[in-house]
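Asks: Sequence:
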Amino acid sequence: MAARSAHRTGTNMWGALQLAAQMRAEGKTGSIVTLLCDSGERYLDTYYNPQWVTANIGDVMPWHQQIQQLIGQ
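Using full-length UniProt numbering, the letters of the sequence shown correspond one by one to residues 1 to 73.
I should point out that these hints are in silico values taken from the structure, not numbers from a laboratory.
Distance ranges between label pairs, derived from CB positions:
1. G58 to E26: 28 to 36 Å
2. I57 to G27: 31 to 39 Å
3. M23 to Q51: 28 to 36 Å
4. G40 to L70: 17 to 25 Å
Just so you know, even glycine gets a beta-carbon here, dropped at the ideal spot from N, CA and C.
All chains should be built: construct the whole structure from the sequences, respecting the hints.
Replies: Here you go:
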(Lines of atoms letter the chains of each structure in order from A; the text may use other names.)
(Lines give C-alpha, C1' and ligand atoms only; values in the text may rest on other atoms or scores of the structure.)
Protein backbone atom coordinates (compact mmCIF):
# COMPACT_ATOMS: atom_id res chain seq x y z
CA MET A 1 0.00 0.00 0.00
CA ALA A 2 2.69 2.49 0.98
CA ALA A 3 4.60 1.88 -2.24
CA ARG A 4 1.50 2.59 -4.33
CA SER A 5 0.22 5.60 -2.43
CA ALA A 6 3.43 7.02 -0.95
CA HIS A 7 1.63 7.45 2.39
CA ARG A 8 3.03 6.20 5.66
CA THR A 9 1.12 5.26 8.78
CA GLY A 10 3.80 6.81 10.98
CA THR A 11 3.27 10.20 9.39
CA ASN A 12 -0.46 9.93 10.02
CA MET A 13 0.12 9.07 13.69
CA TRP A 14 2.75 11.77 14.10
CA GLY A 15 0.33 14.38 12.78
CA ALA A 16 -2.43 13.21 15.13
CA LEU A 17 -0.07 13.30 18.12
CA GLN A 18 1.14 16.78 17.18
CA LEU A 19 -2.44 17.98 16.96
CA ALA A 20 -3.21 16.41 20.35
CA ALA A 21 -0.20 18.12 21.91
CA GLN A 22 -1.22 21.47 20.44
CA MET A 23 -4.80 21.07 21.67
CA ARG A 24 -3.59 20.15 25.14
CA ALA A 25 -1.20 23.12 25.27
CA GLU A 26 -4.05 25.45 24.30
CA GLY A 27 -6.39 23.91 26.87
CA LYS A 28 -8.74 22.66 24.18
CA THR A 29 -10.66 19.41 24.25
CA GLY A 30 -12.02 17.44 21.37
CA SER A 31 -11.67 14.36 19.26
CA ILE A 32 -9.07 13.51 16.67
CA VAL A 33 -10.07 10.96 14.07
CA THR A 34 -7.68 9.18 11.74
CA LEU A 35 -8.28 6.18 9.52
CA LEU A 36 -5.80 3.40 8.94
CA CYS A 37 -7.03 0.84 6.46
CA ASP A 38 -4.84 -2.04 7.61
CA SER A 39 -5.79 -4.75 10.08
CA GLY A 40 -2.18 -5.21 11.17
CA GLU A 41 -2.29 -8.99 10.76
CA ARG A 42 0.91 -8.88 8.71
CA TYR A 43 2.79 -7.46 11.70
CA LEU A 44 1.80 -9.94 14.43
CA ASP A 45 5.28 -11.49 14.45
CA THR A 46 7.11 -8.18 14.24
CA TYR A 47 5.68 -4.82 15.33
CA TYR A 48 3.17 -6.39 17.73
CA ASN A 49 5.83 -8.64 19.26
CA PRO A 50 7.65 -6.87 22.13
CA GLN A 51 10.72 -9.11 21.84
CA TRP A 52 11.03 -8.40 18.10
CA VAL A 53 10.64 -4.66 18.68
CA THR A 54 13.36 -4.61 21.35
CA ALA A 55 15.75 -6.69 19.23
CA ASN A 56 15.17 -4.81 15.96
CA ILE A 57 14.21 -1.28 16.97
CA GLY A 58 15.40 -0.90 20.55
CA ASP A 59 13.83 0.21 23.80
CA VAL A 60 10.62 2.04 22.91
CA MET A 61 9.37 2.42 26.48
CA PRO A 62 10.51 6.06 26.80
CA TRP A 63 8.42 6.88 23.71
CA HIS A 64 5.52 4.78 24.97
CA GLN A 65 5.57 6.65 28.28
CA GLN A 66 5.74 10.00 26.49
CA ILE A 67 2.70 9.12 24.38
CA GLN A 68 0.81 7.93 27.47
CA GLN A 69 1.52 11.28 29.14
CA LEU A 70 0.44 13.15 26.02
CA ILE A 71 -2.93 11.42 25.89
CA GLY A 72 -3.39 11.72 29.63
CA GLN A 73 -3.11 8.11 30.72
